[in-house]
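Just so you know, the protein sequences line up as chains E and A, in that order.
Counting the first sequence from 1 gives a position; the numbering used here is that position plus 84.
Counting the second sequence from 1 gives a position; the numbering used here is that position plus 84.
Hints in this document: simulated from the structure, not taken from any laboratory.
Fair warning: there could be bad hints in the mix.
You can't tell identical chains apart in this list, so a pair holds if it fits in one copy or across any two.
[Claimed, not checked] Here are the simulated SDA-like cross-link-like pairs (lysine to any residue), alpha carbons at most 20 Å apart as the crow flies:
1) 413 <-> 85
2) 140 <-> 274
3) 413 <-> 126
4) 139 <-> 233
5) 139 <-> 434
6) 274 <-> 402
7) 274 <-> 401
8) 317 <-> 85
9) 317 <-> 126
10) 274 <-> 396
11) 274 <-> 307
12) 420 <-> 106
13) 231 <-> 263
14) 413 <-> 146
15) 274 <-> 146
Keep in mind that this is a model prediction, so the values were computed, not measured.
2 protein chains.
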Amino acid sequence: MRIGILGAGQLGRMLALAGYPLGHTFSFFDVSEGTPCRDLGSLTIGRFEDEGTLKKFAAQCDVITYEFENVPCSAAHQLAEIVPVYPPPRALEVSQDRLTEKEFLQGLDIGTPRFRPANSEQELRDACSLLGLPCMVKTRRFGYDGKGQRMIEELDSVATTWRDLGGAPLIVEGFVPFSRELSVVAVRSKDGEVLTYPLAQNDHRNGILHRSEMPAPELTPELRRSAQAIATKVLVALDYVGVVALELFHVRGELLANEIAPRVHNSGHSTIDGVITSQFENHIRAITGMPLGSVEPHARAVMFNLIGAIPPLDALSTIPNAKLHLYGKSPRPGRKLGHITLLNPSAQDEARIERTIESGSMS
Amino acid sequence: MRIGILGAGQLGRMLALAGYPLGHTFSFFDVSEGTPCRDLGSLTIGRFEDEGTLKKFAAQCDVITYEFENVPCSAAHQLAEIVPVYPPPRALEVSQDRLTEKEFLQGLDIGTPRFRPANSEQELRDACSLLGLPCMVKTRRFGYDGKGQRMIEELDSVATTWRDLGGAPLIVEGFVPFSRELSVVAVRSKDGEVLTYPLAQNDHRNGILHRSEMPAPELTPELRRSAQAIATKVLVALDYVGVVALELFHVRGELLANEIAPRVHNSGHSTIDGVITSQFENHIRAITGMPLGSVEPHARAVMFNLIGAIPPLDALSTIPNAKLHLYGKSPRPGRKLGHITLLNPSAQDEARIERTIESGSMS
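Excised from the complex, chain E in its bound form (with noise of 0.2 Å):
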């Protein structure tokens, strides 16, 4: 089949070489040139509200499924009009507004941090006393990797932190004293069989995924199966097909759902080396009428993220089951440019690739 990608990032690369196995060719749509796709398939560079250019672009391909969620509701069902679209584009509305989000999840029955809507400095001033101090401050609308949002510890910060925003739709969230951050990625099929991978635990810098683990050590069953009861309620409820990432927050026991990301994500990299079937290969077998491949691990992976710089290869030689994977991006400071994936690492392995890492940083 030519699977159609709408974006050309890391995520579209990533599903491309994941895809090529499996007998597919690819399509990129996306409003730059991204490099990271370049040379794996055609590329159309076009504006989302380009009637046109997106009626031209859903003609090349079988079906049709995009690497971030910002694309445009309208344009997902203009192309859903055409060919097939996953997942379904209802997936895009609710995880692009965290409102819609959180009440999507509520009426679920899905536990979530407390939250409040407010649309004026007035309304963010009082669900700050309601929900208590802290709390977390977000825009409803476009914010990723931390941005778009602040904690306020005091009141006096109110209007400064609805200025700084823009003066945007915010989400006022109650403060998790949660022990660790978890995610899960799972996976349903057009005949609506669900798989979940492990849990992975996710440790985050400068509002940035940093190392994610999978599976997260210290996993009971009974935190298995709510992760599983999670992502199943909310792939049945979207009649989702893809993957799809929940980021959850393990509080006194508990998991409660943060954020839905309506794709692959970062937290399942270590996919690529550590399971059987990656993320990205059961995303395209869903997306495609497969049937889905096994979602057991065969190793402990831990996963870091190499942002604004490539460390030195040479020094990858001395850790051993270390797995390259570079983006083809050109460095940029906060820029994600690849991630190195180990294999079932000791504590000095993993020493080793932060210095490693660390220098990179600073080159």
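Using the hints provided, position chain A relative to the given structure of chain E.
Just chain A now, kept in the frame of chain E:
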């Protein structure tokens, strides 16, 4: 780096798929439009005798390698004047002529089947008498997948065989009562580091590889050491950089070398799914000067070629841990269209995949 690959078939395809995550891009050179690599880089169609086209191709590349051993040596030498070519062109010279190859192995004190050249019908008859019947007769050049080979069982068929093989220079090999065919894939870095994958056991049908299992069953430490020693001798003698594959006969507890493939090899395909670093990735690492990656297997991997037809993919769902690799080629009898690797399969899994492949072949 921009990596040039001579040949744009499935081996070039799998090299590119392994090389993109390392940050490289690819240019392919072939004598005809090869579909497997069409979408994975730029493609130059030309003749190996056309110096201008070769030069233009070389100018695009930082390093050049090849995916088949019948690249004319003159072309490899011309390219090597402009840009590094790995493996060294000398490896082509040795492996393109079965007589040179056997003499090279003999010169390194590596055991081979007994052999004799034959440049006339009379010499063929003499060689058969000397080596005893039955014996294998092969054209010295351009044989692959069982092509250009005949078994002679009685002297009466000498004349027919000489005619059938087109009166080309031949090598006659004494019959080897081998218990099984093994192969060893090894890789040498620019620094001279040598790593050897576990031995694979290979079964052919109609002269084409049908099934390959890695690690081969019933491996003794002696066998492993012997294969490593043979591979290391060959790699060092050729001052080799990249992956080599050696076809071996296991006979009376010993290994005899039958053939050198100066490239990634069909019997190493299972390394994609069963070993931490695949033969394709290690070839790219070697020729780009990166340290080699671990060749430790994490599963027993059994590979089946898909020849002539692609079986119904839905059937894969009933076979756990089956990894599919299609080459983007249109079906044609006898053509390698892809392969399937099973990880830690049961006998039932194997029987099921054989039936599935069989059903595809009949469609």
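Quick rundown of the hints versus the structure:
| no. | hint | result |
| --- | --- | --- |
| 1 | 413 <-> 85 | between (27 Å within a copy, 13 Å between copies) |
| 2 | 140 <-> 274 | neither (26 Å within a copy, 48 Å between copies) |
| 3 | 413 <-> 126 | both (18 Å within a copy, 19 Å between copies) |
| 4 | 139 <-> 233 | neither (36 Å within a copy, 55 Å between copies) |
| 5 | 139 <-> 434 | neither (48 Å within a copy, 45 Å between copies) |
| 6 | 274 <-> 402 | between (44 Å within a copy, 17 Å between copies) |
| 7 | 274 <-> 401 | between (42 Å within a copy, 14 Å between copies) |
| 8 | 317 <-> 85 | neither (30 Å within a copy, 46 Å between copies) |
| 9 | 317 <-> 126 | neither (36 Å within a copy, 45 Å between copies) |
| 10 | 274 <-> 396 | between (43 Å within a copy, 17 Å between copies) |
| 11 | 274 <-> 307 | neither (27 Å within a copy, 48 Å between copies) |
| 12 | 420 <-> 106 | between (27 Å within a copy, 15 Å between copies) |
| 13 | 231 <-> 263 | neither (23 Å within a copy, 65 Å between copies) |
| 14 | 413 <-> 146 | between (28 Å within a copy, 19 Å between copies) |
| 15 | 274 <-> 146 | within (15 Å within a copy, 44 Å between copies) |
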